[in-house]
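Order-wise, the sequence lines are chains A and B.
Residues in the first sequence are numbered from 1 upward in steps of one, following our numbering.
Residues in the second sequence are numbered from 1001 upward in steps of one, following our numbering.
Derived by calculation from the structure, the hints in this document are not laboratory data.
Predicted model, so just to flag it, every value in this text is computed and none were measured.
Careful: at least some of the hints might be erroneous.
[What the hints assert, rightly or not] In the DSBU-like style, the derived pairs of lysine-lysine whose C-alpha atoms are separated by at most 35 Å in a straight line are:
{"hint": "1", "chain 1": "A", "residue 1": "LYS542", "chain 2": "A", "residue 2": "LYS637"}
{"hint": "2", "chain 1": "A", "residue 1": "LYS54", "chain 2": "B", "residue 2": "LYS1078"}
{"hint": "3", "chain 1": "A", "residue 1": "LYS10", "chain 2": "B", "residue 2": "LYS1080"}
[Stated by the list, open to error] One side of the interface only, derived from the structure: several residues of chain B facing chain A at Cβ under 10 Å:
{"hint": "4", "residue": "GLN1050"}
{"hint": "5", "residue": "ARG1059"}
{"hint": "6", "residue": "ASP1062"}
Backbone N, C-alpha and C fix where the C-beta goes; we use that ideal spot for every residue, glycine too.
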Amino acid sequence: MSWLRFFRRKRSDAELQGEMEAFLTEETADNEARGMSPDEARRQARVKLGNTQKVRESLWTQNSPPLLTNVARDMKYAFRTLWRTPGFSIIAIVVMALCIGAATSLFTIVRSVLLRPLPFKDPDRLVMVYEQHRGGQASASDADYRVVAPADFYDWRSKTRGFEDMAIMRYAGYNLTGERNELPEAVRAAAGSWNLFQLLGVTPALGRAFAESDDQRGATVVMLTWSVFQRRFAGDAGIVGRQIHLDGRPFTVVGVLPSWFNYPDAGIQLWIPYRADVKAEFLQHHDYHQSQVVARLRPDVSLASALAQVGAVQYQLHLQFPHEPVNEDVVSRSLNDDLAGNVKKPLNIMLCAVGCMLLIGCLNISNLLVARGAARQKEVAIRNALGAQRATLIREQMTESMLICAVGGLGGILLSIIATKFIAHRWKDLPTAQSIHLDGTVIAFACALMCVAALVAGLLPALSTTDKTMLRALQTSVRTGSSSVSRTALRKSLLTVEIGITVVLLVAAGLLLKSFMRLRSADVGCVTDNVLTLHYSLPEDKYDTPEKVNAFNDALLQRVRSMPGVRSAALGNTVPGAGYWGDFIFTVKEHPPLKTGEDLPDALSRWADPGYFSALGIPLINGRFFTSDERGARAYKVIVNQQLAQRYFHNEDPIGKHLLVPAHAHAGAPNDWDYEIVGVVGDTLYQVGKEAKAAMYFPMLGGDMSGGMLAVHTASEPLQFSVPVQKQIAALDPQLPVANIRTMNQIIDQSLINASLSATLVFAFALLSLLLASVGLYGVLSYLAAQRTSELGIRMALGAQRDQLLQLMLIDGLRPALFGLGLGLGLSLAAARIFQSMLFGTKPLDPAVLTGVVATLLVVAVLACLAPAWRASRLDPMQALRTE
Amino acid sequence: MGKDKPSDSEMLKGTLDMMILRTLVGGDAHGHTIAKVIERTSEDVLEVEQGSLYPALHRLEDRRWVSSYWGASENNRKAKFYKLTAEGRKQLARETSRWRQMTRAIGLVMGEERGA
Chain A
1 MSWLRFFRRK
11 RSDAELQGEM
21 EAFLTEETAD
31 NEARGMSPDE
41 ARRQARVKLG
51 NTQKVRESLW
61 TQNSPPLLTN
71 VARDMKYAFR
81 TLWRTPGFSI
91 IAIVVMALCI
101 GAATSLFTIV
111 RSVLLRPLPF
121 KDPDRLVMVY
131 EQHRGGQASA
141 SDADYRVVAP
151 ADFYDWRSKT
161 RGFEDMAIMR
171 YAGYNLTGER
181 NELPEAVRAA
191 AGSWNLFQLL
201 GVTPALGRAF
211 AESDDQRGAT
221 VVMLTWSVFQ
231 RRFAGDAGIV
241 GRQIHLDGRP
251 FTVVGVLPSW
261 FNYPDAGIQL
271 WIPYRADVKA
281 EFLQHHDYHQ
291 SQVVARLRPD
301 VSLASALAQV
311 GAVQYQLHLQ
321 FPHEPVNEDV
331 VSRSLNDDLA
341 GNVKKPLNIM
351 LCAVGCMLLI
361 GCLNISNLLV
371 ARGAARQKEV
381 AIRNALGAQR
391 ATLIREQMTE
401 SMLICAVGGL
411 GGILLSIIAT
421 KFIAHRWKDL
431 PTAQSIHLDG
441 TVIAFACALM
451 CVAALVAGLL
461 PALSTTDKTM
471 LRALQTSVRT
481 GSSSVSRTAL
491 RKSLLTVEIG
501 ITVVLLVAAG
511 LLLKSFMRLR
521 SADVGCVTDN
531 VLTLHYSLPE
541 DKYDTPEKVN
551 AFNDALLQRV
561 RSMPGVRSAA
571 LGNTVPGAGY
581 WGDFIFTVKE
591 HPPLKTGEDL
601 PDALSRWADP
611 GYFSALGIPL
621 INGRFFTSDE
631 RGARAYKVIV
641 NQQLAQRYFH
651 NEDPIGKHLL
661 VPAHAHAGAP
671 NDWDYEIVGV
681 VGDTLYQVGK
691 EAKAAMYFPM
701 LGGDMSGGML
711 AVHTASEPLQ
721 FSVPVQKQIA
731 ALDPQLPVAN
741 IRTMNQIIDQ
751 SLINASLSAT
761 LVFAFALLSL
771 LLASVGLYGV
781 LSYLAAQRTS
791 ELGIRMALGA
801 QRDQLLQLML
811 IDGLRPALFG
821 LGLGLGLSLA
831 AARIFQSMLF
841 GTKPLDPAVL
851 TGVVATLLVV
861 AVLACLAPAW
871 RASRLDPMQA
881 LRTE
Chain B
1001 MGKDKPSDSE
1011 MLKGTLDMMI
1021 LRTLVGGDAH
1031 GHTIAKVIER
1041 TSEDVLEVEQ
1051 GSLYPALHRL
1061 EDRRWVSSYW
1071 GASENNRKAK
1081 FYKLTAEGRK
1091 QLARETSRWR
1101 QMTRAIGLVM
1111 GEERGA
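The shape of chain A in the complex, shown without the other chains:
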């Protein structure tokens, strides 16, 4: 490599000196052999060798390719310039580090969540197929993706040929109990049809995947994911073929999934065959909507036509079962979009915000560099007059911004390592949070960003300081005040753009923040402070009768309620704010039958013990709560919420009416679906940010719910009670694991994590941008004031008052701020429409937010302008006239 010699110049020079020394000795020896005296011999040798310095120099030049020499000189020069003004350099570098760090972090996340292809075979041809209720969606963009009933799926798969294959999966949960006294553990599991892994193109790391013969009712085979295989079974390959106990029943491990496999999310620990653990009617009913369908497209069939075939089958089913909630249509989205789900929009918005911040950072540095360029105008002009080419001068100045961006970028990469970890850790909604890390591509991205930033920040000032007028700097006499009108205009317009973008960010942050506050303060409809919740699931083989289940639940409630510090305890299948969980269709027995085509009434299904409502502070509107003797055959009572009462019993009293719930009907027990309404309770939100829905509560003591969520309302910090409550459970059944120990506020916070993170991050970006913009404003005005010193002196000498000067300078500084504000408000109007759908209870033109932004910006602008304007107005006129 010939250019490498550049870096070996020193060594090469040392070698040369050695060689020349050797030459001298050789030549002297030769001369002595010719009969010269030693002195004469040495002298003649030196004469022959000539000027050693010249030889060294010519070798040095030869070893210095002009390009590298120039770059090295530019670097040295830029480094010295930056070193001379450490304040400026540090600010610039910190700004760049923050901007590039934030941008890199977000890119890392966006890339692993939205851009990286899924690790499956031909992931582009994988789609998720959902059902869709006709008329339920306003436009194509907000299609509602309804989960699929297994019976529908089996018809799709057997009756259509559009997809290469279709597979179905649902979530499940098991108590994994130890063989040798290991602690019991509640694990999240998934059930997948036998062809799922084959369809995805996944081969197990150990053992085999499910075979068609495994996917039968009563099958007892299980596949482990890598994480549980390592964690609980110590990575022992001998586990394949052995048995593990799920809910107390033995299952044979047939395979272990590879370590990279974390579909549908990394929380899934086990897979069982889809049909293995369900009742027969589950597979035959068309209304058990709870599964997800993955399909692989045929290479020769378009998605639209494949979907049309499935849609036709689905519509047939809808017509065939008019009294069941069978959806009319189907809808699909790519597997990638499906996994990214609801984080796509917040991520994109954050990416935009960070892009704006980066642009502001660049503009700011550009602005500062223009100011410095003005200070160095004379130097540039002299060098130009001495023959420096414009390209050389531009290159030199670019090197400076390059250096700032390189150092800043390096800091940014370090910063983003921390930031990325923090965000990935906090944002539990990210589907691939485990695989988020910095790698070569991300670093390449950061480097590209650095170069772009350096170009944006450096080119404008470099061009402006070296334009045709640069020689004029030499001509300007001492007193010609503002020497470059165009440069000032350039700085002002840079500033206007900067402030404009800042306003957009501020508006976005304000709206997101307000929306988040609204969400956070939304009334869930019940007590949320000091409530501890936890899940447990009673294994069906040990608790095989309703009496046994009830005995456990009664004993648990009694024990917990008598604990000191516990105000009350509630037992249900879930608590408000914790999600959708499930709904049932129903009909009112006393009402005339529905006309065909009319929407079937449906309501959220909940289970509650008699003390549930009072413990959670859900008000009783009418009727009564359950009683503790409403169990077994006497448990056919239901409590509805206000919304259900108003919607389906307009002017009648719902108490004493009956709801028929087909989902509860069993063959041979025709009365199992007839529930008498005994009470009406207040509405609660199933999820913060969603409208309240009609709901019906069934008695928990009916004994048909094997698992439940215990909510404990405590007098003090609820998390302190988590261990004592678990001890009470362990005292009743030491084999029973509990899961999801959280306070209700934690549950709600977690459900709001998207809104909370996007609001906080965009707010942070906006604040930083505001800071940058105010620094920019301050800088511009200080510079203007310095330039106009002598002009101001003359004005004062001619009798201008200090107030007038202050006003003059303030207006000069505030003008770009006002222009920027106008520009920014205009841009915000357009931008707000984009993320309108992310706002809750907040209009895109929220007056409070807009006023707040305008006021904040004006205050900050005035403050930033005040200091330099004040200084200018306090000039001593004589001093001012003498400057320069």
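Starting from the known structure of chain A, arrange chain B on it as the hints suggest.
Just chain B, lined up with the frame of chain A:
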């Protein structure tokens, strides 16, 4: 003294590299020997300027036509020896044939002039 040498001892541009390579065909040599050999072989017509010899040697080394090592000279002194590489041999062949063409062409031109 060396400064005022008559111009006929100055070397034609670009021929030094070729002559160095040619000298090294006879075996590895250090700078002093190379200079001496060129001078002797040219019957002292050509005088090798040290100012161009050493940069030329470094240049040839950088182009991988020669390699170098430190060894002991005939008088048992430390000296940097240069050795012709395979690549250098090829280069020498190219340069030699180019040189032959050139001298022949120049000879033709000069011969015609004298004849006219």
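Hint by hint, here is what the structure shows:
| no. | hint | result |
| --- | --- | --- |
| 1 | LYS542(A) to LYS637(A) | 27 Å, holds |
| 2 | LYS54(A) to LYS1078(B) | 23 Å, holds |
| 3 | LYS10(A) to LYS1080(B) | 17 Å, holds |
| 4 | GLN1050 | 5 Å, holds |
| 5 | ARG1059 | 6 Å, holds |
| 6 | ASP1062 | 5 Å, holds |
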